[in-house]
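Throw the hints in and build the complete structure from the sequences for me.
Here are the chains, one letter per residue:
Number of protein chains: 2
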Amino acid sequence: MRVLILGADGYLGWPTAMRFSALGHDVHTVDNYLRRSMHAVNGSDSLTPIKRFDERLAAWGEISRREMTHTEGDLTDYSVVERVFREFEPEAIVHYAEQPSAPYSMASRTNAVDTQVNNVVGTLNVLFAMRDLAPDAHLVKLGTMGEYGTPNIDIEEGYLEVTRNGRSDRLPFPKLPGSLYHCSKVHDSTNIHFASRIWGLRATDLNQGVVYGVDTPETVLDERLATRFDYDEVFGTALNRFCVQAVIGHPLTVYGEGGQTRGYLNIRDTLRCIELAVVNPADEGEFRVFNQFTEQFSIQDLAELVQQAGADVGLDVSIEPTTNPRVEAEQHYYNAKHTKLLDLGLEPHLLTREVVESMLRAIRRHRTRVIVEAVPPRTRWRASQAQPA
Amino acid sequence: MRVLILGADGYLGWPTAMRFSALGHDVHTVDNYLRRSMHAVNGSDSLTPIKRFDERLAAWGEISRREMTHTEGDLTDYSVVERVFREFEPEAIVHYAEQPSAPYSMASRTNAVDTQVNNVVGTLNVLFAMRDLAPDAHLVKLGTMGEYGTPNIDIEEGYLEVTRNGRSDRLPFPKLPGSLYHCSKVHDSTNIHFASRIWGLRATDLNQGVVYGVDTPETVLDERLATRFDYDEVFGTALNRFCVQAVIGHPLTVYGEGGQTRGYLNIRDTLRCIELAVVNPADEGEFRVFNQFTEQFSIQDLAELVQQAGADVGLDVSIEPTTNPRVEAEQHYYNAKHTKLLDLGLEPHLLTREVVESMLRAIRRHRTRVIVEAVPPRTRWRASQAQPA
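In order, the protein sequence lines correspond to chains A and B.
To convert, note that position 282 of the first sequence is 282 in the numbering used here; the numbers rise steadily by one, no gaps.
To convert, note that position 56 of the second sequence is 56 in the numbering used here; the numbers rise steadily by one, no gaps.
A couple of the hints might just be wrong.
Claimed, not checked - Away from chain B, derived, C-beta distances all over 10 Å, residues of chain A:
(1) R131
(2) P251
(3) A311
Stated by the list, open to error - Facing chain B, from chain A, some residues (calculated, C-beta under 8 Å):
(4) I153
(5) V355
(6) W381
No lab work stands behind these hints, which were simulated from the structure alone.
Backbone N, C-alpha and C define an ideal beta-carbon position, used for all residues, glycine too.
Encoded structure:
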């Protein structure tokens with residue numbers, strides 16, 4: 001199958017591209033290296049040393065004997081999108097190419113505007129290219145579980161069956177996004193659902209949980225194939241950040257009461273979920289939503305797990321309750337359904353103490369690369385919090 | 001009260017500005033005259049002759065002996081928004097300043113992108129200005145009933161009480177917008193709701209039905225105070241378009257089966273609703289949603305009403321089923337709640353045959369100004385429809 005990977009230079013994009021190539025698909029990649037330039041501005045960097053994209057591609061060709069083609073470009077420029085669609089004629093489009101940081105989107109007005117314009121316009125351009133140039137292709141779009149927020153009812157997979165006054169309908173599940181980045185993902189979902197209804201496009205919206213881990217079957221083949229691993233407050237996510245904090249002797253930054261509960265999954269399961277979505281495409285006109293995670297944990301649960309695993313590998317890990325820079329419920333009900341990917345064949349890699357130990361060992365190999373100043377939280381959700389007291 | 005009117009040169013913005021001024025409020029207006037320039041590009045124009053904005057302001061000052069101040073500018077330029085907020089210090093912000101046409105948004109990719117960027121960025125800028133410069137002000141934002149689409153259950157006012165498995169929550173009512181313009185209004189609602197939850201802003205989202213009519217208590221005082229009246233396929237709305245079609249002897253363009261049912265209201269009731277929302281502000285952190293219309297009609301109902309009223313004033317009106325250029329249900333359940341504005345004191349001006357007759361007489365005074373080429377529908381929701389057979 002011809003699989004187009006948008007955002008192929010990212011934490012998940014790069015391993016995904018190699019996975020599809022390894023599986024024998026024709027892979028074309030697109031990226032504008034936005035994440036690299038944002039890190040440069042931010043004074044932060046990937047924990048793992050990563051190669052330039054052209055070097056990655058060359059290394060993959062050398063090791064796998066398979067070639068991936070590439071376009072450097074920005075999806076908000078329609079001439080780029082149009083050219084890629086005309087030349088590559090994708091059958092599946094895996095779309096990771098968005099500004100992915102909630103703290104980034106909350107740090108200033110310009111960041112908020114840039115995030116929403118970048119994400120919404122890039123996705124609109126993909127939808128129009130599909131309509132006009134690849135109407136039978138299947139869009140596999142990365143959304144986030146953060147679109148739902150923390151409602152006081154069970155979170156279903158994308159839709160809510162509502163019955164009232166003797167009538168019923170299956171409607172989009174209500175969303176309570178937790179940042180202006182998360183709002184941008186809700187906007188995307190609204191636009192993609194519309195394009196499916198009106199133009200008959202095939203789409204799968206993957207509301208992904210928090211991904212952890214650093215190794216995939218392909219990244220471990222050669223150090224030049226490593227994927228990025230972010231631990232800074234802007235791009236790092238909870239468990240990855242805790243593991244880096246444990247290795248460098250920084251207290252684990254549990255925000256507020258620590259009862260914030262979310263869905264999590266291993267990076268290896270992300271790749272399998274994307275593969276399952278691609279090989280089992282949505283029907284014509286179908287907007288399918290899968291909740292893509294394997295287990296739920298609270299932040300306090302995770303911190304304690306890292307503390308225990310740290311002890312196993314000789315690290316003395318402390319947990320430090322930190323003033324919550326976000327505005328979010330710190331104790332709440334959370335029960336999100338996630339059966340659709342299991343029904344397609346996902347076999348989860350669960351989060352064990354051994355998995356955390358292996359992450360800690362992998363991180364320890366790069367501990368001298370950690371930029372300590374990038375670790376503590378700085379971005380506050382309320383402007384008034386941003387002022388020093 | 002200091003009332004800021006964003007989009008004050010529009011069909012509703014201009015009468016709203018005069019109304020608040022007449023009621024004794026301090027009024028500051030903002031517009032970039034986008035609608036006038038879009039009409040110039042489109043080869044269409046207001047049925048009513050309208051004055052330049054500075055002439056309107058001068059005429060209002062002369063007739064009412066009240067002064068309104070004005071800023072020419074674009075809300076997507078934050079320096080404009082910031083200056084207006086610093087200098088005027090609004091207590092209420094009535095926000096009409098968006099690209100309001102569904103067909104415009106569906107005509108091309110660039111139109112879709114322009115619509116979403118214009119509307120989303122303009123509103124984000126207003127929210128940040130409120131957060132930083134007017135945190136106690138009240139935003140009264142014009143949304144649309146078209147955000148809801150046509151679900152098979154009763155449409156509530158903004159929220160849905162959901163109970164399941166013994167748990168319950170009050171969540172945003174699910175949205176099924178019918179065009180990329182309508183999607184942009186859903187995006188705005190998502191962002192404004194977020195800003196209320198996180199920053200404690202006060203906001204009222206008015207999901208307005210289709211407005212008809214041309215006269216308000218102020219526009220009738222002097223012909224220089226007339227508001228615009230659009231009848232073209234891009235900016236004209238159903239009943240206003242039918243009345244112009246009746247006057248010029250064009251068959252009424254009922255799309256498809258004509259069972260499309262929507263909420264409608266008289267322009268005089270729009271002004272009263274805005275006033276009621278402003279003088280009864282939302283609480284701190286409250287995102288309040290009102291469904292702003294007074295009666296439901298199907299398109300076929302309206303066409304028949306115009307036919308009957310036309311006969312009363314000597315017009316021979318025919319109804320012509322037209323291939324539907326949109327993608328929408330043509331027969332569907334529709335029952336939308338609209339009690340919250342009635343509870344605040346709205347006394348509806350209902351749509352009678354006499355009201356339509358008065359519209360027909362008002363339109364007849366300007367019949368030589370009608371640009372006939374701008375009347376028939378051209379913009380199709382599906383790209384394949386856009387190709388001549």
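Check the structure against each numbered hint from earlier and tell me which ones fail, lowest number first. Hint check: 1, 5 fail, others pass.
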